[in-house]
Amino acid sequence: MFPIETSKAGLKRIDYDILDYLEYPKSLDQVKERFPNINVTVKILKYLDKGLIEEKRERYVSKFHTEQVKRIIDDSRVPENVKKNFHFFLSQIDNPFVRQNIFDTESRQNSDRVFSMMTKSLNQELTEREIKYLNQSMRDLMEKLR
Numbered sequence: 001m002f003p004i005e006t007s008k009a010g011l012k013r014i015d016y017d018i019l020d021y022l023e024y025p026k027s028l029d030q031v032k033e034r035f036p037n038i039n040v041t042v043k044i045l046k047y048l049d050k051g052l053i054e055e056k057r058e059r060y061v062s063k064f065h066t067e068q069v070k071r072i073i074d075d076s077r078v079p080e081n082v083k084k085n086f087h088f089f090l091s092q093i094d095n096p097f098v099r100q101n102i103f104d105t106e107s108r109q110n111s112d113r114v115f116s117m118m119t120k121s122l123n124q125e126l127t128e129r130e131i132k133y134l135n136q137s138m139r140d141l142m143e144k145l146r
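Residues 1 to 146 in the working numbering are what the sequence shown spells out, letter by letter.
In short, the hints are calculated from the structure, not lab data.
From the three backbone atoms N, C-alpha and C, an ideal C-beta is built for every residue, glycine too.
Watch out, some of these pointers could steer you wrong.
[What the hints assert, rightly or not] Within a straight-line C-alpha distance of at most 30 Å, the following computed DSSO-like cross-link-like pairs (lysine-lysine) qualify: (1) Lys70 <-> Lys12; (2) Lys70 <-> Lys83; (3) Lys120 <-> Lys132; (4) Lys132 <-> Lys70.
[To be verified] Across the chosen pairs, the derived CB separations fall in these ranges: (5) Arg139 <-> Arg13: 12 to 22 Å; (6) Leu28 <-> Arg108: 42 to 52 Å; (7) Gly51 <-> Asp112: 37 to 47 Å; (8) Lys12 <-> Arg129: 16 to 26 Å; (9) Glu80 <-> Lys32: 43 to 53 Å; (10) Phe88 <-> Arg129: 36 to 46 Å; (11) Asp75 <-> Asp112: 10 to 20 Å; (12) Leu122 <-> Leu145: 34 to 44 Å; (13) Ile72 <-> Tyr16: 38 to 48 Å.
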């Protein structure tokens with residue numbers, strides 16, 4: 001999703017694939033299943049040693065902590081409860097107790113969907129169908145926080 005720092009070069013294509021897969025918490029068995037012909041244990045230890053896994057997670061978190069993002073949320077033409085809930089959801093990203101639940105692929109897709117619809121609403125009205133989809137995505141995100 002995000003490029004890693006080029007100063008930590010020496011990575012091959014498979015390394016980037018594994019790092020992308022590890023961007024959100026996975027068990028070692030899941031990683032081994034996804035990359036069956038690779039000694040992932042050694043690779044993961046190498047990534048941890050270089051700090052690459054945490055770097056990718058921090059880049060995802062930091063993309064939502066900007067004034068521009070807050071302004072887009074506030075200026076968007078979506079229901080007020082969605083704005084309020086999305087602000088709350090973003091405030092919880094740094095909470096270590098809920099962070100594990102937030103970093104799965106489904107949550108990432110839902111948060112990206114909600115934010116993209118908010119951005120779209122700045123320039124045009126959302127259809128009823130889009131608003132329903134937006135509300136459902138927001139409900140799913142809030143459920144992850146419970």
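To see whether the hints hold, each was checked on the structure:
1. Lys70 <-> Lys12: 37 Å, violated
2. Lys70 <-> Lys83: Answer holds: Lys70 to Lys83 is near 10 Å, not above 30 Å.
3. Lys120 <-> Lys132: Cα-Cα ~15 Å, so holds.
4. Lys132 <-> Lys70: OK: Lys132 and Lys70 at ~22 Å, within 30 Å.
5. Arg139 <-> Arg13: 12 to 22 Å: Distance hint for Arg139, Arg13 is violated at roughly 38 Å.
6. Leu28 <-> Arg108: 42 to 52 Å: Since Leu28 and Arg108 have Cβ atoms about 21 Å apart, the given range 42 to 52 Å is violated.
7. Gly51 <-> Asp112: 37 to 47 Å: 25 Å, violated
8. Lys12 <-> Arg129: 16 to 26 Å: Violated - the Cβ-Cβ distance for Lys12 and Arg129, about 43 Å, lies outside 16 to 26 Å.
9. Glu80 <-> Lys32: 43 to 53 Å: 46 Å, holds
10. Phe88 <-> Arg129: 36 to 46 Å: 25 Å, violated
11. Asp75 <-> Asp112: 10 to 20 Å: 19 Å, holds
12. Leu122 <-> Leu145: 34 to 44 Å: Roughly 26 Å apart at Cβ, these two residues miss the hinted range, so it is violated.
13. Ile72 <-> Tyr16: 38 to 48 Å: 29 Å, violated
Figure legend: structure checked against the earlier numbered hints; hints not met, in rising order: 1, 5, 6, 7, 8, 10, 12, 13.
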